[in-house]
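Please work from the sequences and hints to get the whole structure.
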Amino acid sequence: MVTSAIRPIESIGNVTSRGLRYVGGSARFVGTVLESSRDVRTWTEQAILQMRRLGVDSVPIAAFIALFTGIVLALLASYSFTGAVPLYFVGTLVEKTTMLELAPVLTGLALAGRVGANIAAELGTMRVTEQIDALETLGYDPLAFLVVPRVVAGALMFPIVVAIAMVVAVAAGGLASIGILGISAAEFTKGVRLFFMTFDVEYGLVKAASFGTAVTLIGAARGLRAQGGSVGVGRAATSAVVYSAVAILVLDAFWACTWLLGRGQAT
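Going by our numbering, the final residue of the sequence shown carries number 419, and the count climbs one at a time with no gaps.
In the SDA-like style, the derived pairs of lysine to any residue whose C-alpha atoms are separated by at most 25 Å in a straight line are: (1) K248 to P238; (2) K342 to L239; (3) K248 to V224; (4) K248 to T341; (5) K248 to V358; (6) K248 to S232; (7) K248 to F348; (8) K248 to A236; (9) K248 to V319; (10) K342 to E253; (11) K248 to L401; (12) K248 to I213; (13) K248 to I316; (14) K248 to I217; (15) K248 to L346; (16) K342 to D352; (17) K342 to F233; (18) K248 to E354; (19) K248 to G331; (20) K342 to I332; (21) K248 to A337; (22) K248 to T410; (23) K248 to V398; (24) K248 to S230; (25) K342 to L228; (26) K248 to A361; (27) K248 to M349; (28) K342 to E354; (29) K248 to R345; (30) K342 to S232; (31) K248 to G334; (32) K248 to A262; (33) K248 to F406; (34) K342 to I223; (35) K248 to I312.
Since the hints were derived computationally from the structure, they do not count as laboratory data.
Below you can see the structure in the form of C-alpha cells.
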C-alpha cells in the first residue's frame with residue numbers, strides 16, 4: 153500500500169523535474185544566444201539574407217490568409233449586426249479584430265509552420281551531418297553564425313509581414329462590404345475610423361515581434377538538438393511547429409492579460 157501511494161508522488165516529481173530541466177535548458181539557450189549576439193560582425197551579413205528568406209518570401213502566404221480573413225470577417229459582422237446595429241460598424245469590427253488579434257495570430261501560426269519547420273530542418277540537417285562541428289573547428293561560433301541572424305530576422309520581419317496582412321485584411325473587408333453587402337465606401341471608412349487608435353497597430357506589431365522571436369528561437373533550439381539522421385530531423389521540424397504554435401498562443405494570452413487588460417483598466 154505504501155508503494156502504491158508513493159508511485160503517484162514519484163510520477164508528479166518526475167514530470168516536474170523534466171519540466172524544470174526543460175525550462176532551465178531553454179533559459180540557458182536563450183542566454184547563450186544573447187551572449188553570442190555581441191559578435192555583430194559574424195551575424196550581420198547573414199541576418200540580411202535571413203530577413204529576405206523569413207520575411208519577404210513569407211509575404212504571399214500572409215497576404216493570402218489576410219485576404220480571405222477580411223472577407224469572412226465582413227460577412228460575419230454583417231450577419232451578427234443585422235437589424236440591431238448600423239452596418240457601418242462592420243468596418244469597426246473588421247479593423248479591431250484584424251489589427252488586435254487575427255492578423256498577428258493567424259499570420260504567426262502560418263509562419264510557425266513555414267519558418268519554424270524550415271529552421272529546425274535546416275539546422276537539424278547541419279547537426280546530423282556534422283557541419284556545425286566543422287564550423288566550431290574553423291573557429292566560428294555556431295550560435296552567432298546560425299541562430300542569431302535568424303532570431304534577429306524573425307523579430308524584425310514578422311511585424312512587417314503582419315503589417316502587410318493588416319492592410320490586406322482591412323482592404324479585403326472593405327471590398328467585400330461594398331461588393332457583397334452593399335455598404336458604401338464612406339460607411340465602411342466611417343466604421344474603421346470610429347474607434348481606431350494607434351494602440352491597435354502598436355499592440356499587433358509588438359505581438360508579432362514576440363511571435364517572431366519565439367518561433368525562430370524554438371526552431372533553432374529543436375534543430376540543434378536533432379539526432380538520428382533524417383528521422384531525427386523530421387521529428388525536430390514537427391516539434392518546432394507544435395512548440396511554436398503553443399508559444400504563440402501563450403504569448404497571445406500573456407499580452408492580453410498584461411498590456412491589453414492593463415490599458416483597459418487604466419482607461
